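Sequences are here, hints too, so could you generate the full structure?
Protein chains in written order, with the numbering used here: chain A, 1 to 166; chain Z, 1 to 391.
It should be emphasised that the hints constitute simulated quantities derived from the structure, not laboratory data.
Everything numeric in this text was worked out from a predicted model, so none of it was measured.
Backbone N, C-alpha and C fix where the C-beta goes; we use that ideal spot for every residue, glycine too.
None of the hints are false.
To be clear about the criterion: a stretch of chain Z counts as covered by chain A if any three or more of its residues have a C-beta under 8 Å from a C-beta of chain A, and this derived list gives those stretches:
#: 1; region: 112 to 124
#: 2; region: 130 to 144
#: 3; region: 149 to 159
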Amino acid sequence: MELILFLVFAGIAVAAAINVVVQRHPISSAISLIAVMGSLAVLYLLLGAEFIAAAQVIVYAGAIMVLFIFVIMLLNAGGETKPGRSFIASLLGVPVLVALLALLAFFTARIYPRDTEVHFGGFRGGTAQAVGRALFTTYLLPFEITSILILIAIVGAVVLARKELE
Amino acid sequence: MDSFIVISLIKIFVVFGALMTILAYLQWVERKVIAHIQVRPGPYRVGPHGLLQPLADVIKLITKEDLVPPYVNKVLYLAAPFLAITMALLSISVIPFGPKIQVAGYATYMQLTDLNFGVLLILAVSSMGVYGIALAGWSSNNKYALLGGLRSSAQMISYELPLSLAIAAPLLISNTLSLRKLVEVQDGWLWNWNLFHGFQYVSFIVFIIAAFAETNRVPFDLPEAENELVAGFHTEYSSMKFASFFMAEYANMVTVSCMATLLFLGGWVAPWPAKYGSGYVPVAIFAVAGVIAIWRGLNPRRKRDRFTFPPFGVVFIVVAAVFLVPLVQSALLPLFWFCAKTGAILFLFMWIRGTLPRFRYDQLMGFAWKVLFPVAMLNLLATGLAIALFS
Chain A
1 MELILFLVFA GIAVAAAINV VVQRHPISSA ISLIAVMGSL AVLYLLLGAE
51 FIAAAQVIVY AGAIMVLFIF VIMLLNAGGE TKPGRSFIAS LLGVPVLVAL
101 LALLAFFTAR IYPRDTEVHF GGFRGGTAQA VGRALFTTYL LPFEITSILI
151 LIAIVGAVVL ARKELE
Chain Z
1 MDSFIVISLI KIFVVFGALM TILAYLQWVE RKVIAHIQVR PGPYRVGPHG
51 LLQPLADVIK LITKEDLVPP YVNKVLYLAA PFLAITMALL SISVIPFGPK
101 IQVAGYATYM QLTDLNFGVL LILAVSSMGV YGIALAGWSS NNKYALLGGL
151 RSSAQMISYE LPLSLAIAAP LLISNTLSLR KLVEVQDGWL WNWNLFHGFQ
201 YVSFIVFIIA AFAETNRVPF DLPEAENELV AGFHTEYSSM KFASFFMAEY
251 ANMVTVSCMA TLLFLGGWVA PWPAKYGSGY VPVAIFAVAG VIAIWRGLNP
301 RRKRDRFTFP PFGVVFIVVA AVFLVPLVQS ALLPLFWFCA KTGAILFLFM
351 WIRGTLPRFR YDQLMGFAWK VLFPVAMLNL LATGLAIALF S
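Next up, the structure:
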């Protein structure tokens with residue numbers, strides 16, 4: 001059952017991810033990206049990381065992609081024209097991509113044997129409780145630094161937008 | 001395992017059927033409530049007191065011509081209403097209506113599924129619900145629809161923040177993300193409810209206001225402001241596709257009312273324990289309603305009251321008698337309290353629609369970011385501080 005679900009949603013994720021690049025219209029690409037994030041959330045759920053799955057949908061598929069779509073709607077962007085193809089890119093693209101994926105798969109298989117549970121450093125388990133405890137004890141400093149970094153980014157964005165208005 | 005699947009299927013059929021009926025009749029209730037606020041009778045012709053009006057509306061909507069304008073983006077145009085209604089109906093699956101009950105030897109929860117991140121699931125599903133409206137507005141290829149879609153996505157992103165912050169405060173008090181456990185810790189007396197127990201008046205009000213905006217209801221119904229945007233995002237929709245947007249709006253209303261009940265008002269828990277007689281409240285209410293209806297039928301003010309009131313009176317008295325049967329009491333009493341609380345909040349929705357005028361768009365956004373968000377944030381901080389100090 002889990003294997004079937006994994007195959008189905010991993011397949012959807014890959015297909016939608018390819019579709020993001022292939023589609024000419026920005027709205028279609030954005031919707032494919034939502035499908036990618038949705039299926040990733042299901043994969044997280046299969047790994048037992050329920051909090052990450054919910055956060056994935058709320059933050060990425062919900063908030064960030066709504067902003068993407070909002071901007072595309074606001075600009076009323078049309079379909080892109082076909083770009084000229086580089087000869088080298090079409091010649092090397094597929095082999096390099098395959099090599100990259102093979103390398104990634106090889107090292108993942110080498111470092112993590114088949115029967116290890118999914119973990120991040122010493123952290124296991126994906127319930128809201130476990131994530132919260134890890135965030136506010138072990139990883140408190142990185143967590144706070146990240147939030148201040150995001151705050152700085154927000155302030156910066158507001159300052160930049162202000163300047164343009166004036 | 002097999003019995004689990006069978007029971008789950010039965011529960012899904014029951015809940016889905018009940019929800020669909022409630023959605024259809026909510027529309028009737030709303031028209032009646034607003035009509036009485038405006039001192040007019042409301043729907044009256046189809047059935048007694050217009051009770052068959054929802055049926056007539058459904059037949060009308062199904063048999064209407066299903067028009068797809070030639071200038072729309074067909075795939076998204078057809079997908080948008082499905083997306084809206086699916087996301088709206090999905091959240092009912094984690095909402096608990098009552099405690100564990102025994103049916104024919106099986107013990108089961110009065111809830112489709114109990115997730116230990118139920119609150120997060122509802123937030124996730126509601127944040128996905130925006131796409132139905134935004135894509136409907138965009139794919140219609142119509143400037144009014146586009147403006148409606150834009151407004152609604154901006155509004156929903158903005159109001160989701162105060163909504164989540166308002167939800168977080170009672171969650172801090174209850175110390176759980178499971179909707180079932182959330183109710184179980186509020187058991188007992190009225191003052192065990194999160195609203196009173198944790199002094200969550202501020203977050204309750206913020207939640208209700210943000211919920212109005214999330215469901216695009218008056219006074220925040222800018223996405224469908226008919227005097228400036230024709231009908232907003234669903235301008236180009238007809239027949240059942242229009243109906244699904246309509247149903248999605250009502251389903252979202254039901255969901256946020258259920259959420260308010262579960263988070264703040266103690267869910268299916270009675271205001272005081274059963275040993276002090278809270279179990280007799282529904283009996284008394286239905287019996288009194290039945291007696292009044294029969295009395296009004298015997299002393300009719302209008303001619304037709306003689307025929308319409310007594311049947312309702314008899315129905316009410318039968319319902320009151322059913323509440324006295326010990327076998328079904330364990331299931332019906334929690335359901336009664338849950339429906340009573342949710343119904344009170346739904347009534348608030350209608351009451352406010354009949355009372356308040358619409359906001360201006362800049363007021364709407366300013367209010368979310370400059371008032372609601374800081375207030376919800378301060379409330380969350382204060383709640384956290386209080387919990388850290390006193391527990």
